[in-house]
Every structure is written in C-alpha cells, then in structure tokens.
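**Student:** Once you have looked at the hints, place chain B on chain L.
Spelled out, the chains give:
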Amino acid sequence: EPEVTQTPSHQVTQMGQEVILRCVPISNHLYFYWYRQILGQKVEFLVSFYNNEISEKSEIFDDQFSVERPDGSNFTLKIRSTKLEDSAMYFCASSGTGNNSPLHFGNGTRLTVT
Amino acid sequence: AQRVTQPEKLLSVFKGAPVELKCNYSYSGSPELFWYVQYSRQRLQLLLRHISRESIKGFTADLNKGETSFHLKKPFAQEEDSAMYYCALKGGGSYIPTFGRGTSLIVHP
Numbered sequence: 001e002p003e004v005t006q007t008p009s010h011q012v013t014q015m016g017q018e019v020i021l022r023c024v025p026i027s028n029h030l031y032f033y034w035y036r037q038i039l040g041q042k043v044e045f046l047v048s049f050y051n052n053e054i055s056e057k058s059e060i061f062d063d064q065f066s067v068e069r070p071d072g073s074n075f076t077l078k079i080r081s082t083k084l085e086d087s088a089m090y091f092c093a094s095s096g097t098g099n100n101s102p103l104h105f106g107n108g109t110r111l112t113v114t
Numbered sequence: 001a002q003r004v005t006q007p008e009k010l011l012s013v014f015k016g017a018p019v020e021l022k023c024n025y026s027y028s029g030s031p032e033l034f035w036y037v038q039y040s041r042q043r044l045q046l047l048l049r050h051i052s053r054e055s056i057k058g059f060t061a062d063l064n065k066g067e068t069s070f071h072l073k074k075p076f077a078q079e080e081d082s083a084m085y086y087c088a089l090k091g092g093g094s095y096i097p098t099f100g101r102g103t104s105l106i107v108h109p
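Line by line, the protein sequences are chains L and B.
Under my numbering, think of the first position of the first sequence as 1, with each following residue one higher.
Under my numbering, think of the first position of the second sequence as 1, with each following residue one higher.
Hints in this document: simulated from the structure, not taken from any laboratory.
Certain hints may be false.
Sample of chain B residues facing chain L (criterion: CB under 7 Å; computed from the structure) [said to hold, decoys possible]:
{"id": "1", "residue": "Arg43"}
{"id": "2", "residue": "Leu44"}
{"id": "3", "residue": "Arg101"}
From the derived model, a few chain L residues whose C-beta atoms are all more than 12 Å from chain B [unchecked claim]:
{"id": "4", "residue": "Gly16"}
{"id": "5", "residue": "Asn52"}
{"id": "6", "residue": "Asp62"}
{"id": "7", "residue": "Ser66"}
{"id": "8", "residue": "Glu68"}
{"id": "9", "residue": "Gly72"}
{"id": "10", "residue": "Leu84"}
Here the structure is a predicted model, which is why all the values come from computation and not from measurement.
Every residue, glycine too, gets a C-beta built ideally from N, C-alpha and C.
Bound-form chain L, shown alone (with noise of 0.2 Å):
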C-alpha cells in the first residue's frame, strides 16, 4: 500500500537557523497538508495545499513559514527562522479528491530546537 514518507525522522537545529521539513505524498494524491503536535497537546492544523498554491493556513502558519511543491512528487515545510517553540512533532499528510477522502499521514519529523 502506497505511504507518506517524510525525513528526516528527526532534525535538531539550533534557534535562528532555517530547517527543511520533507514530505512525499502518495503519488496520485492532490492535496497536501502540514500538521503540527507539540509534545503533549493535540495535532494541529497548518497549511493545505492544492493545485500548487496554498488553499487554506491556520494562524500558525505565519510569515517565518513557507511551503512548496519543488517537483512533482515533494512537498516541503520550510522554517526560516526558528524559534524554541517550534519544537514539535510535523506530521505531511495527503488525500485525494472527494470530502470524504481520509488524510494519509507520514510517519512524522521531530524537530528540536534547542
């Protein structure tokens, strides 16, 4: 069965730097999402994506934030410059088309920083 693969598992960076979150959704996928967990609270929405252009964001999704889709098969969280609370789990998800069409998780990236 077709996954979401996401990498790195885990980063460590260090405040200020700029981290590259990667996604890759199942291939015949449209519509791309970041979620959120800070350890201990609930998965939160960021940013969907759809027909190459963000379709909605939450107020999470600030301007220190960025997504694209550089290719036809990667989807990328990017943090520009990041802060200690950004520390959390980031969850890529997928769906295809249809409101009923479930979200398809990737395993998750941990990022702490420190």
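**Tutor:** Just chain B, lined up with the frame of chain L:
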C-alpha cells in the same frame, strides 16, 4: 468555528473490559466525523468514519447529533488496542479536518 473535544487524556482498562472514548464536537452544520488511531511508533491512520457506518477492529462509533457526540466504543478491549485515538471533524465546505487533543488508551493484560 468548529471544535472537537476529547475530555479524557488517558483511559486505562483491563483486557476484556468495554471501552468508550468520548468525543464531542461543536459545529452548527452537518459534520463529517472520523476517528484516527496512532499505535506506538506508527503513523496516524484512519480508523473509521461516521459516514461508512462500519466496524473496524471491533470498534464502532455513532454520530449523535442531539448530543453532538461521536464516541468510539468497543465491547471487549484487547491489549493491541493500546494507542492514541484522535477524533476529527470536517465541516462545511472545508476539506480540512480539525483534530481533538487525543486520548491515550492503555489496555492492561
């Protein structure tokens, strides 16, 4: 605004006991509701959705619009059911689910 509440952070039961993981939602229209599960060291995955009215791994969930609830139930818990369970809601024209904070289910032998 849509909101999902899972009041229990942790639910601990013994094998063979009934399980009910609570989910309440706040949404003015007709929601679509889902349960996702995350087993230890595995990815979040869809368990079931209300529209399918299915039973997966012995779990069922009924949408109760009067009580705005979508509780997940299983009559006899198994050790392999131990996991984090997330209730999620999609409402209106948005295809983006809102997740609850999750309930950790621990089933003791």
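**Student:** Would the hint on B:Arg101 stand, with a C-beta cut-off of 7 Å toward chain L?
**Tutor:** 4 Å, holds
**Student:** For L:Gly72, is the shortest beta carbon distance to chain B beyond 12 Å?
**Tutor:** Given that every Cβ of chain B is farther than 12 Å from that of L:Gly72, nearest at about 22 Å, it holds.
**Student:** Would L:Leu84 pass as off the interface with chain B, using Cβ distances and a cut of 12 Å?
**Tutor:** 22 Å, holds
**Student:** Say whether it holds or is violated: L:Asp62 keeps its Cβ farther than 12 Å from all Cβ of chain B.
**Tutor:** Holds, because the least Cβ-Cβ distance between L:Asp62 and chain B comes to about 18 Å, which exceeds 12 Å.
**Student:** Hey, does L:Asn52 actually stay past 12 Å from chain B on C-beta?
**Tutor:** 17 Å, holds
**Student:** Say whether it holds or is violated: L:Ser66 keeps its Cβ farther than 12 Å from all Cβ of chain B.
**Tutor:** 18 Å, holds
**Student:** Quick one: work out the minimum CB distance from L:Gly16 to chain B and report holds if it exceeds 12 Å, violated otherwise.
**Tutor:** 30 Å, holds
**Student:** Quick check for students: does the CB of L:Glu68 sit more than 12 Å from each CB in chain B?
**Tutor:** Label holds. Min Cβ-Cβ 19 Å, cutoff 12 Å.
**Student:** Are B:Arg43 and chain L close enough, Cβ to Cβ, to be under 7 Å, as the hint says?
**Tutor:** Since the shortest Cβ distance to chain L is 5 Å, the answer is holds.
**Student:** Using 7 Å as the Cβ threshold, decide whether B:Leu44 counts as touching chain L.
**Tutor:** 4 Å, holds
When each numbered hint is compared with the structure, no violation occurs for any of them.
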